[in-house]
Amino acid sequence: MATDVAALTRPIGDEAAAVLAQPSPLASFWAAFRENRGAVFGLAVFAIIVLLALTANVVAPHSPIDQFRDAVRAPPVWEKGGSWRFVLGTDGDGHDMLSRLIFGARVSLFIGLSVMCVSFIAGVTLGLAAAMTGSVADVAITRLMDLIMAVPSLVLAVLVVAVLGPSLANTIIAVTIVYLPNFVRLARASALGELNKDYVTAARVVGVGPLRLAASTVLPNCLAPLIVQAALGVSSAILEAAALGFLGLGAQPPTPEWGSMLADSREFIRSDPWIVTLPGLAILITVLAINLTGDGLRDALDPKMRRG
Amino acid sequence: MVAYFLRRIALTIPTFLALMFLTFAAIRLVPGDPVEVRTGEHGMSPERLAYFRHELGLDQPVWRQFLAYVWRLAHGDFGVSLSSQDKVLTEFLTLFPATLELSFFAMLFAIAIGVPAGALAAVKRGGFYDQALMTVSLFGYSMPIFWWGLLLIMFVSVRLGLLPVSGRIDLINYSFDQPTGFMTIDALLSDEPGAFLDALRHLILPAIVLGTVPLAVIARMTRSSMLEVLSEDYVRTARAKGLSPSRVIGVHALRNALLPVVTVIGLSISSLMAGAVLTETIFSWPGVGHWLIDSIGRRDYPALQGGVLLISAVVVFVNLIVDLVYGIIDPRISHGH
Chain A
19 MATDVAALTR PIGDEAAAVL AQPSPLASFW AAFRENRGAV FGLAVFAIIV LLALTANVVA
79 PHSPIDQFRD AVRAPPVWEK GGSWRFVLGT DGDGHDMLSR LIFGARVSLF IGLSVMCVSF
139 IAGVTLGLAA AMTGSVADVA ITRLMDLIMA VPSLVLAVLV VAVLGPSLAN TIIAVTIVYL
199 PNFVRLARAS ALGELNKDYV TAARVVGVGP LRLAASTVLP NCLAPLIVQA ALGVSSAILE
259 AAALGFLGLG AQPPTPEWGS MLADSREFIR SDPWIVTLPG LAILITVLAI NLTGDGLRDA
319 LDPKMRRG
Chain B
15 MVAYFLRRIA LTIPTFLALM FLTFAAIRLV PGDPVEVRTG EHGMSPERLA YFRHELGLDQ
75 PVWRQFLAYV WRLAHGDFGV SLSSQDKVLT EFLTLFPATL ELSFFAMLFA IAIGVPAGAL
135 AAVKRGGFYD QALMTVSLFG YSMPIFWWGL LLIMFVSVRL GLLPVSGRID LINYSFDQPT
195 GFMTIDALLS DEPGAFLDAL RHLILPAIVL GTVPLAVIAR MTRSSMLEVL SEDYVRTARA
255 KGLSPSRVIG VHALRNALLP VVTVIGLSIS SLMAGAVLTE TIFSWPGVGH WLIDSIGRRD
315 YPALQGGVLL ISAVVVFVNL IVDLVYGIID PRISHGH
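Those protein sequences? They're chains A and B, same order as listed.
Counting in the numbering used here, the first sequence runs from 19 upward without gaps.
Counting in the numbering used here, the second sequence runs from 15 upward without gaps.
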């Protein structure tokens, strides 16, 4: 704030003119986002996790599925008996923990982002269709979403996986089904709010067709809450997928998935606490980083949704 | 009012029908021979296969099968569990009190801490306490609760030896009849000294784990709702009248701030059931969530089918009750719609 005031009270020059001029949407968004230190921190941590996931082949010291029979349950470097060979120790099968955690980021982010993309696109399409076509389609879509919402999220995901069989792909399908209603309802509600406004009527009067009306007139004005939902949806999807993995219904071994790593670690809860601690910590840090970023997005994109 | 009630109740009928269709369709999608899926028997002789196909009605057209399924459900027949050969409904009703008891104590924990903590944060807005609470609640709702449960077991039970790791009661020292299915109540009724305390000790960790996410949500909700109320005119009037700050906050503000909080609590039954699946698995809590996961491991599809349907029915039913109660509390709802 203080710098803004200082900038404005200086004699008018190019710099002040730039401040007074209408900033680009992206620039004003970034300026608002930057004010939230937690959100910037979250974004930075998230960026690091993404970078680690992308470069896992190079960064990880070992292969995530190689078993070191000579070093089963080796302690991490700071514990007694630890060595730099396995910085975070090894698990019950002799896998290097650090490598599995890094490759696990790849799995979790892949799940989170694919769920988000599919449910975003499908959800927005269905939501807009429900809002703009009215009557029969609207009732059908809304009722279907109500049905999905009636079943507790994890119970529905468990049912889907139990029917389709446990695998990474089916985890993504299950979690996508669970999160679809959030997008459909949000898109429908925002679209209904916009449809009564004058600019939409104007577009209709000018003769804009229904598809173009939906995609380029209504949708851009509904995007803010949907983007926030998408960001928070990634973290929920990662949590849900990890829960499925923990229940033994997600990615199957030896895939380095954080939830299933936790499930495998349960027998070492008395002897080797780090095997239990590390995968959960990885989940928590990732989800926290995304939630912090999402909160910042919400504050920056829509002042009305600002918390508190 | 009556019209609203009737309409709201009628609206659940399509939901129930859809739930039945969902579970009906789900079991048909399970790969493998439908007779083997339903009986759990493999490598049957063709005669036996044909017998069961007829017995289970699988030789009928699909729409007839669905009608027969709805008919059976309407008569309380949710099928027979393959692993125990008990009726699914009986099993569910035996285990459900354990889930209900756990959920009750989890919500008690979440409300007892979340409401005062959130209200205090609103009163001390922007201060250190407020920021600390917001940070902690962010951790709370980002927490993978299955890991949180393992951590608590690791520190509280294993390292410090303070609380039991699993189950609802120490079965070696205590055995008594369970007429209600609620361990705390049954323990009180049993006259066995120490049983009630033991049941409570078993409840603490699971209730904390299941209550953590609701606690974070309730604390945040109370805070933001309280902030809104504190800027209302009637709160300023109460202050201007010279009422003590504690009275203004406790009586005038908090009571009105709690309405949206109650909404959140009422609608959290669905996420509680989802959380119960994980919590019960970690603590070997003999409730319906644990049973559901077990039945997947045993390929007990009738139990899975009935279990999903019954859990969802409970959620739909509770949401209905919540809506009806709102109709009574807040007449705007029943007249507006």
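Take the hints with a grain of salt, since some may be wrong.
Unchecked claim - Computed spacing ranges between beta-carbons, pair by pair:
| id | chain 1 | residue 1 | chain 2 | residue 2 | range |
| --- | --- | --- | --- | --- | --- |
| 1 | A | Gly225 | B | Ile342 | 34 to 40 Å |
| 2 | A | Val154 | B | Ala126 | 29 to 35 Å |
| 3 | B | Ala17 | A | Val223 | 34 to 40 Å |
| 4 | B | Leu107 | A | Leu162 | 46 to 52 Å |
| 5 | B | Phe19 | A | Arg161 | 18 to 24 Å |
| 6 | B | Leu185 | A | Thr143 | 50 to 56 Å |
| 7 | A | Thr143 | B | Val278 | 45 to 51 Å |
| 8 | B | Ala126 | A | Asn214 | 23 to 29 Å |
| 9 | B | Leu122 | A | Trp96 | 37 to 43 Å |
| 10 | A | Ala89 | B | Arg62 | 37 to 43 Å |
| 11 | A | Gly112 | B | Gly90 | 39 to 45 Å |
What the hints assert, rightly or not - If we take Cβ atoms under 7 Å as the criterion, some of the chain A residues that face chain B in the derived model are:
| id | residue |
| --- | --- |
| 12 | Ala168 |
| 13 | Val173 |
| 14 | Ala180 |
| 15 | Val218 |
| 16 | Ala221 |
| 17 | Val223 |
| 18 | Val224 |
| 19 | Ala260 |
| 20 | Arg288 |
| 21 | Ile301 |
The set of hints was computed from the structure by calculation and includes no laboratory data.
The structure displayed is predicted, hence computed values, not measured ones.
A virtual CB, placed ideally from N, CA and C, is assigned to each residue, including glycine.
A quick look at each hint next to the structure:
1. Gly225(A) x Ile342(B): 34 to 40 Å: 50 Å, violated
2. Val154(A) x Ala126(B): 29 to 35 Å: 47 Å, violated
3. Ala17(B) x Val223(A): 34 to 40 Å: Check passed, 39 Å falls within 34 to 40 Å.
4. Leu107(B) x Leu162(A): 46 to 52 Å: 30 Å, violated
5. Phe19(B) x Arg161(A): 18 to 24 Å: 21 Å, holds
6. Leu185(B) x Thr143(A): 50 to 56 Å: The hinted range 50 to 56 Å holds for Leu185(B) and Thr143(A), with Cβ atoms some 54 Å apart.
7. Thr143(A) x Val278(B): 45 to 51 Å: For Val278(B) against Thr143(A), whose Cβ atoms are near 30 Å apart, the range 45 to 51 Å is violated.
8. Ala126(B) x Asn214(A): 23 to 29 Å: 44 Å, violated
9. Leu122(B) x Trp96(A): 37 to 43 Å: 40 Å, holds
10. Ala89(A) x Arg62(B): 37 to 43 Å: 52 Å, violated
11. Gly112(A) x Gly90(B): 39 to 45 Å: Once the Cβ atoms are compared, 52 Å apart, the range 39 to 45 Å for Gly90(B) and Gly112(A) is violated.
12. Ala168: 5 Å, holds
13. Val173: Because about 6 Å separates Val173(A) from the closest Cβ in chain B, which is inside the 7 Å limit, the hint holds.
14. Ala180: Hint on Ala180(A): holds, closest Cβ of chain B at ~5 Å, below 7 Å.
15. Val218: 25 Å, violated
16. Ala221: Hint on Ala221(A): violated, closest Cβ of chain B at ~31 Å, above 7 Å.
17. Val223: Nearest chain B Cβ about 32 Å off; hint violated.
18. Val224: Violated. Min distance 35 Å.
19. Ala260: 6 Å, holds
20. Arg288: With a minimum Cβ separation of about 5 Å from chain B (threshold 7 Å), the hint on Arg288(A) holds.
21. Ile301: 5 Å, holds
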